[in-house]
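For the record, the sequence lines run as chains A and B. All you need for the working numbering is the position in the first sequence, starting with 1, plus 240. All you need for the working numbering is the position in the second sequence, starting with 1, plus 481.
A few of these clues could be false.
Some chain A residues well away from chain B (every beta-carbon gap over 12 Å; in silico) [to be verified]:
| no. | residue |
| --- | --- |
| 1 | Gly312 |
| 2 | Glu326 |
| 3 | Arg379 |
Covered by chain B, per the in silico footprint, the following chain A stretches (three or more residues, Cβ under 8 Å) [unchecked claim]:
| no. | region |
| --- | --- |
| 4 | 250-257 |
| 5 | 313-322 |
| 6 | 340-347 |
| 7 | 382-395 |
Honestly, the hints are just simulated from the structure, not real lab data. All of these numbers come straight from a predicted model, not from anything done at the bench. Cβ coordinates follow ideal geometry from the N, Cα and C atoms, glycine included.
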Amino acid sequence: MSNLFPITVTVNGTPYHREVEPRLLLSDFLRHTLGLTGTHIACEHGVCGVCTVLLDDRPVRSCLMFAVQANGHRVTTVEGLAKDMEHLHPLQEAFSEKHALQCGFCTPGFLMTLIAFLHENPNPTEEEIREAISGNLCRCTGYQNIIEAVKLAVSKMNAAKGK
Amino acid sequence: MTTSYIGERIQRLEDPRLLTGQALFVDDLHLPQMLEVAFLRSSYAHARIRKIDTSAALKRPGVVAVYTAQDLGAYWQPGPLLVSPPPTIQRISFNTRTQVALAKDKVRYVGEPIAAVVAESRYIAEDALTDIVVDFEPLPAVVDLEQALLPNTVLVHDDLSSNLAAHVIQEKGNYFAIKDQADVIIRRKLSYDHGAAVAMENRGIVADWDAKSQQLTVWDTTQAPIPIMNGLARMLGLSENQVRVIAPFVGGGFGPKIMMFYSEEMLIPWISKQLARPVKWIEDRQENFLATTHERLQIHNAEMALTKEGKILGIHDIFLHDTGAYDPYGLTVPINSQCTLLGPYHVPNYYSEFSVIFTNKMIVTPYRGAGRPQGVFVMERLLDFAARQLGLTPADIRRRNFIPPDQFPYKNEIIYQDFAPLTYDSGNYAPAMDQAIELIEYKKFVEEEQPKLRAAGRKVGIGIVSYVEGTGIGPYEGARVTVGASGKVSVATGVGTQGQAHFTTFAQIVADVLQVDIHDVFVVTGDTLKMNWGCGTFASRGMVVAGNACYAAALAVREKILKLASEVLQSPKDTLELSKSAVCVKGMPDKKISLGELAVRANPLRGAVKPGTEPGLEASAYFGPASGATANGVHAAIVEVNPKTMRVDILKYVVVHDCGKVINPMVVEGQIHGGIAQGIGNAYYEQLVYDKKGQLLTASLMDYLLPTSYDVPRKILTGHMETPSPLNPLGVKGTGEAGAIPAASLFVQAVENALENPKLEICEIPMSPNRLFELLK
């Protein structure tokens, strides 16, 4: 029917070998081919940031990439942030403590955007945080608690480093 | 020691699942043999369908079936009327015209489904849409609300004599008799355009008909799984026991997901039954703009009669309400506007008349606020303009008209959306205003900061508005509480959940009643197999109605626990106390039995039980309030307008809100923050723009602008007041819509104040930088 291309993508540390159609979106590959449904899809035109994943540690919108473009690359999704629900990443903990999520649908995209951001800028100002998340849409929280959560995560992560 | 969770900022129990990508949303389902559907939708707002040719689509490899209206046979029926017009209103007319699963002879809005393609993947199904040929005869579109009733206008529904869907008059006192006594009459035309809810998760349905067990399972992004179950059973000719509807985690609702039945909701289960395979349809974002319901377009011609002291003598309002192509949701939205307009004020005389109009646009159903923002906009603007004319401050004119606290219950005489007379159960309005003024530091801003900043050339302004919110309407919800053999407690309720923290707040209530650790309470919402009686999550009623049902069920289980423990411990009930998942005799902590062990004893496997014994430590209970609980609040803000770009920064935002007893302040604040963001989007960024042909020009997130982290207030301060509702045992009132309702009214008042132009009067929502420039010219 259509041409299939073999690709190898390492997702959350595990290499996956699959044959895919060239038009298959990376977001659909993660969700439907690999069953990693933590990455969500909300606009499929690159505006909302919900589908953000890390490609070689840089945030990308997985709805704007084809799976074949990820061939040979490393992808990190929200499933790769914590070992299990009892051992959350400090950013995840801070989101819960500051009530930075309601329906939670946009949350994986925010987390992945922020993981990359905090790696680049471990001590951001409030204005820098506001800018960092300005490409991610949330319809529930009004963003204030997300900003508070990032501030808390920064202090948690710095405290962990100091230990 | 007793455990007390109610009133505390308890971290949410559902968060770990959502934060790790483990929460199930509808699109996460992958069932073996599952097919996917794509819809061919109308590209015309109004056209006759002469012919549909699906033959090429059927030949495409991977396509399993293509359905048009003709293929549905007897299943093709107009959908049910979800909300009937209130039978208690006397001067009322209503023409029911509800949506269909697939358009047959005529399409009535851009995006209306015409054909469904079922294929092995969504990619193939979408390919096949391009194979379908439809022969349309385009018709002029009805778009302009004020033109729609003119003679010789084309008809949206050919069998009606006009585009009038409904007409309602409600009256309190006699406006016409007092009008002559007025010192001042304020008369304005005020309009509010369409916006969209834009939940981050689009709609979606997975249906799985299992022919062997004759069972249909449906996963739906609905806010009302139980009515979906009942409706599907009726439409498909099944018993309710054959249909299970699950609303798993739902990525935001805000109203449009309470609408039923969407065309896709009627079709996907039917297709699964036809093909005996699981079938999935997930809406994409463009479909979400075109084919998920809208709200808000109304045009009011309103006048307010006042004394020179600023006391309201009466209000006269005639308005048009756009219902779109169909009216399945009855009159809920315009009646909410009509009633909520009265606000927290004593309005002795009120004449309100509205006409609901069919247009060639997407159907209108409630979106967060549900008609209330429009009513509040009319009232607050009239007060603002009256205050200007009379030389009063916005706060003063409101204070002079507040209903005093000794007047409750306050009867507004007209009929509300729940068919009952509009009565405010409780409230205390002036202190909320005082607290808001204090929190925003009104005096300091107006007397010190604003003059200084203005002298420096900065356009800063302040605003303050107030509102009421009718919440927690009936008819009822249910809950089942069960203590299991492990000592864990399960709570099942029928309302769906879209981010409101039900897993936590309902658990807080039950944990307090049963004195267990909140982490031992597991809440199930929105699964009809676990609870099959109830209505849904809407109208800020989850906590009021389902919360009180949880409370009642927990109290009933507590009684069962005490009764059984009394027998086991051989001690009268009043000597017992619950503590830490056990029952003990007061003062004798060793004489105790755990709840888990009691649960085992309550469900014996051998031996005889006493006549009338019910098994288990379980109880179901239902709660239905006589009428809605009225919440209220005051919002205030300080804004700065950049006169070159008309960008508006909200420097400070204050909310003082009274939703009765607060179960979890953190959750209430979250609801308010989110509502404010939506209200601000509504005020300045979001607009659904239709052209003259009825094409939606803003059907993407590039064109329809949601507020980002830059556009929301820099800081929201929240003040809580607690005037408990006497209408329910917990004393709670709803809060879901409180943020959204007054935000736009506040925004424009503050912007006017900032711009210092005495001629500027903002009489329409939404504003935008462009529109502000135009108004200032």
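Verification of the supplied hints:
Chain B leaves A/Gly312 outside its interface by the beta-carbon criterion, the shortest separation being 24 Å against a cut-off of 12 Å. At roughly 8 Å from the closest C-beta of chain B, the C-beta of A/Glu326 falls inside 12 Å, breaking its exclusion from the interface. With a closest Cβ-Cβ approach of about 5 Å to chain B, A/Arg379 is found to fall inside the 12 Å limit, against its non-interface label. Evaluation of the coverage hint for the region 250-257 of chain A: breached, as 0 residues show C-beta separations to chain B shorter than 8 Å, against a requirement of three.
For the region 313-322 of chain A, the assignment as covered by chain B holds, since 5 residues bring a beta-carbon within under 8 Å of that chain's beta-carbons and 3 suffice. Interface restraint, the region 340-347 of chain A with chain B: holds (7 residues with C-beta to C-beta distance below 8 Å; minimum three). Closer than 8 Å: that is the beta-carbon criterion, and the region 382-395 of chain A has 6 residues meeting it against chain B, so the requirement of 3 holds.
In this structure, the earlier hints numbered 2, 3 and 4 are contradicted, and the remaining ones agree with it.
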